[in-house]
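Could you put together the complete structure from these sequences and hints?
Protein chains in written order, with this note's numbering: chain L, 1 to 539; chain Y, 1 to 418; chain Z, 1 to 337.
It is worth saying that the hints were derived from the structure and are not from the lab.
Ideal Cβ placement from N, Cα and C applies to all residues, glycine included.
Do not take every clue at face value.
[Said to hold, decoys possible] In the DSSO-like style, the derived pairs of lysine-lysine whose C-alpha atoms are separated by at most 27 Å in a straight line are: (1) Lys504/L / Lys254/Z; (2) Lys67/Z / Lys48/Y; (3) Lys67/Z / Lys504/L.
[What the hints assert, rightly or not] Chain Y residues, not near chain L, derived (Cβ > 10 Å throughout): (4) Phe52; (5) Gln195; (6) Gly368.
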Amino acid sequence: MSKPFAITLDVGSSLANHTGSWRTERPVYVHRLPPCNDACPAGEDVQGWLYDGEAGNYESAWRHLTRDNPLPAIMGRICYHPCQTACNRDELDEAVGINSVERFLGDQAISQGWQFIKDAAPSGKKVLVVGSGPSGLSAAFHLALQGHEVTIRESAAESGGMMRYGIPAYRLPRDVLDAEISRITNLGVTIECNSKVESAESALEEGFNAVFLAIGAHIGKRAYIPAGDSAHVLDAVSMLHMTAEGDPPLLGRRVIVYGGGNTALDAARTARRLGANEAVVVYRRNREKMPAHDIEVNEAVDEGVIMRWLSTISWVDDGLVTVEKMELDEKGFPRPIGEFETLEADSVILALGQDVDLSLVDGAEGVAIDDGVIQVDNFLMTGRDGLFAGGDAVPGERTATNAIGHGKQAARAIDAWLRGEKFVHAPRPALATFDRLNTWYYSDAPKTVRAKLDSVRRATNFAEVVQGLDEETALFEARRCLSCGNCFSCDNCFGVCPDNAVVKIGEGNYEFNLDYCKGCGICAVECPSGAIDMEPERS
Amino acid sequence: MLRQIEGSRAVAETVAACRPAVICAYPISPQTHIVEALDEIVRLGEIKNCEFVNVESEFSAMSVAIGASATGARAYTATASQGLLFMVEPLYNASGLGLPIVMTVANRAIGAPINIWNDHSDAMSQRDSGWIQLYAQDNQSASDLHMLAFRIAEEVSLPVMVCMDGFVLTHAMERIDLPEQEAVDKFLPSYVPRQILDPNDPMSIGAMVGPEAFTEVRYLGHVKQLQALELIPGIANEFEEIFGRRAAGEHDADGLVTTYRIEGAQVVLVALGSVIGTMKVVIDEMREMGSKVGVLGITSFRPFPLDAVRNALGKVPKVVVVERAFAPGIGGIVSSNVRTALSNIPVSIATAVAGLGGRPITRDSIRGIIERAFDDTLPELTFVDLDVELINRELERHREQRRSGPMAENLLRDLGSR
Amino acid sequence: MSTQLKFYQVGSFAVGNRLIDEADLPEQSRSSRANSLTSGHRACQGCGEALGARYAIDAAMAATNGKLVAVNATGCLEVFSTPYPETSWRLPWLHSLFGNAAAVATGVAAALRAQGKSDIRVVAQGGDGGTVDIGFGPLSGMFERNDDVLYICYDNEAYMNTGVQRSGATPPAARTNTTHAIGPNPGASFTQGKNLPLIAMAHGIPYVATATVADLHDLEAKVKKAMTIRGARYLHVLVPCPLGWGSRSEETIKLARLATESGLFPVFEAEDGEVTATKKIRRLVQVEEYLKPQKRFAHLFGAHGHPDLLNAIQAIADRNIAKYKLCDPIEAEADHE
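What follows is the structure, given as structure tokens:
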């Protein structure tokens, strides 16, 4: 059939017309740093592993997560999740429950028996890690994966550091702790318990190519408190340690805890579980100024712990504690106002912070100590070549998550150092801020609230307080992730282009066909996660 | 099959025998009897696989036909007068797209003043629409021309309008030889479109064409008309072979023109449509009296058969074109076409405008025209049987008074007061 | 819990989702989509009509398994898609005139019926001018006859192809080149309007719906539903026009969304003349948020603005919200306190 001239045309012939020449701006796919990733002290690619988790690929999500942090089941319980504080979704409804998904993945890994896979060939280098707390375990894990032979020496009877001896079992069940530690020892990491390293110097001389000091801060601070002879005063670190060892101290029916950190609350809650009818936390400042995390305070109050703000202990004697009331000055410092009150107390637990046991670096050449902690450079190396330190023993926030981050950083630095190089950080992408999101596209869905044990029941034993998510709720929670700054294969760009100039080349992978893209910018505006930028076209 | 039958009914039955697939209808006198009959025929199931669509305007009637034709369906509609004007836009579209739609135009005057009676103003206004225009002299040719129309339309892929005088033919009972279905099927093969809306072979029809190709598209439309001019005589011969008669008039009718007693004629009338019948009677009478007079009927006005007209009239000294329409401000429409055919030939050509708005063209009127032609008293442009007194009175009113009132009503009042 | 499993971070609103079943994916998320209107067309940057047409026709193609014929009224869509020697259409497509798309489609449908090819379906499409104004008669005729045609109006609220003149669908106060923003009542006058979806419903045809390019899922579902029904169907799609509205090319979808979320463009569907479903406003906004990014309403704002006209437009939105029950009562009240 010969078609009539000009008025009848062959279908699709406009492909010959390359409208891309109209363009003054071109779209480009970008990867921005999601705020959760940015905020994670352990450097987890949170958005990345949630992406895997959303699809129900729990094992790949777990593997993605454990690239940075080998202890998800633990961290899913005890991390104070700064990722959630930073989460953009909080501006929309409520932050994604990242922590609970992390725990779910960690628990899945334990129940499924997933193990780490070691690819690297043996390096022939030996590294000693001193301390088996979170930073030590984290460093050992990364070093082992890099092919190094790792030995951990632990002074205590069992591994885990503060995770075992500081954090009560109702927050971190010991089987979980054991499971995640054994997965690391399965990589060939040797843990020597009851093996206190007396001198870092001698360890280096022993034939280790590098030493990482992950010794933590285990000495409870003892402030001077006037006290009578029969006063029953003990420190929180010891009290928690003894409890963890199955030999809890006798505290009596009325316990006062002095301090405002998380440890104070751990102590108070533990005291309740040990039989105290009354556990009172006495703190010099008010709730806003309290360093303990809200979630800990809330759970403690739920369990019947009494909070006594703006109070300081001025005298302790047998069965009685005198407290002085305080007020905050303009700068927020507490000062006594001369009003006193007497409380009944069978024992007083001091939770005033912890000090580092620095005996092993006493007089070590090149090792600087300042403000009670070991000084390190940007690569966590002390002034002594091959001697690294991290976690609570060096300056920084004292959280397990931060310690895990230190462990990873130290491992990278040690690995580079062992090869005679310096570790180079990958450039940090710009932050994926909330204003770059097109939140219209996200379904409305508040966070799944983790079921909590009935607080009354919980206060009397050491069963785990916060329950995990089941699969459905974990999946639901993972899918609340906005994938800030990163493409998550929603096909919006592919769909909204009026010129069909977006080509799909596999899941999560798109290309702009610049032959036809007119540069209208709809794809960039309608991208939910802000993963498309418009850039001026060069002539 | 010979039957005494109304012209409209004859056309309807012939159209039905042509197996149209889509018929769209909108009522306007004097075309209505045709579509009324077709509705009945379709409902009786006498046409297989045919959709009869009652539309809400002529604009839509032609549009429905366009859609149907572009989908490969043989499409038919009928209209007249105002209706034809209301479908002018799709009319041009149909020819521009080269869609072989066939339409009956029951010729009728155009208002204002509104007038339902016959003349050729409607069809003549669309002479440049790109449609082929065939004019029927009587109801036999009206019927036959529809078969020819479908055949020609589909051969060259252009729409064809068959023009038949409103009332004079549409409402006249005559003895007509209606075609047998078998013969029609032999004459008219099934429609094979040049372009079709088909999901198995998609194409875009109706593109916007700019200066770079518009002239060529238009020229190709002209070429198709010229191709039709070539093809029509052959198709007319085929028609005679099958049906045993000429399709449109006398023995020499070739589908383009038809002549009657023009041998040695001193005066030849040129006309379209049913007036030729009256003319033949007058010519017979005058030939009896020794006047050498004949008539040339034009069947195909578009394409215009320049050669056939030139051959027929080349040796005739006096030609009078009798027209049932005219172009205000200049005069004859058909005559200007005849003049083109006879250019460089020394012949006197006059235009006689007659029969507007249904005024009868009587034998006396025709005789008068011929006699004046012989006497050389016929002006180049004359309006036959014009009531000069009535005109003068109205013109006087205009001179006297700016607000002289509506012309048509004035004239009627004058007529009544006579 | 099983319902929560259906929750996807972008499940209900984005074009696609890697997590849902292949069968539930919208057409526009598939690489195999028809691309009925393919690349290389000459629509302006950010053209809502180009987008709406591809959304709608691709969905219809999917619903009919590619057995579809389209008839197009004169207008932007026709001009930018088929200038000789190139066409962007990939299905059988016919353009006849400005005002006759519905009637031509009737002819196509009649022909297909006569040929016994009723499996091939017919879509007619045009802009608001070709639909509510010049093509209204044939459209009404097609409705009245209940011809088997889906008519889709891509409403950009003025004659854009001819250079932005007022149509029967131009909203009050909008500036066009025949309703200049001059004088005491600048822009288009506050007329009775010509609500074609309601007029279509008054014909009692089996299916009438409104949609926008901002909600692809809704649009596709409506097209697909329409294709399950025989008889005359009408779909009215709001398609913002950056040129005529004086809006930024990248805001085409956003504006369509705001039109809905402000209540100015109610999204609903009706069967046999009765409204059967209404799309609730999800995040109610004041009309100002919708109007402000559009230069055609610029005269309403600023020091020499017209708050009275703005209020009158808000009143229209409020009436729509009440009439179509676009908000849950509590929410609506809260926002208007």
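Verification of the supplied hints:
no.	hint	verdict
1	Lys504/L / Lys254/Z	23 Å, holds
2	Lys67/Z / Lys48/Y	24 Å, holds
3	Lys67/Z / Lys504/L	26 Å, holds
4	Phe52	28 Å, holds
5	Gln195	5 Å, violated
6	Gly368	49 Å, holds
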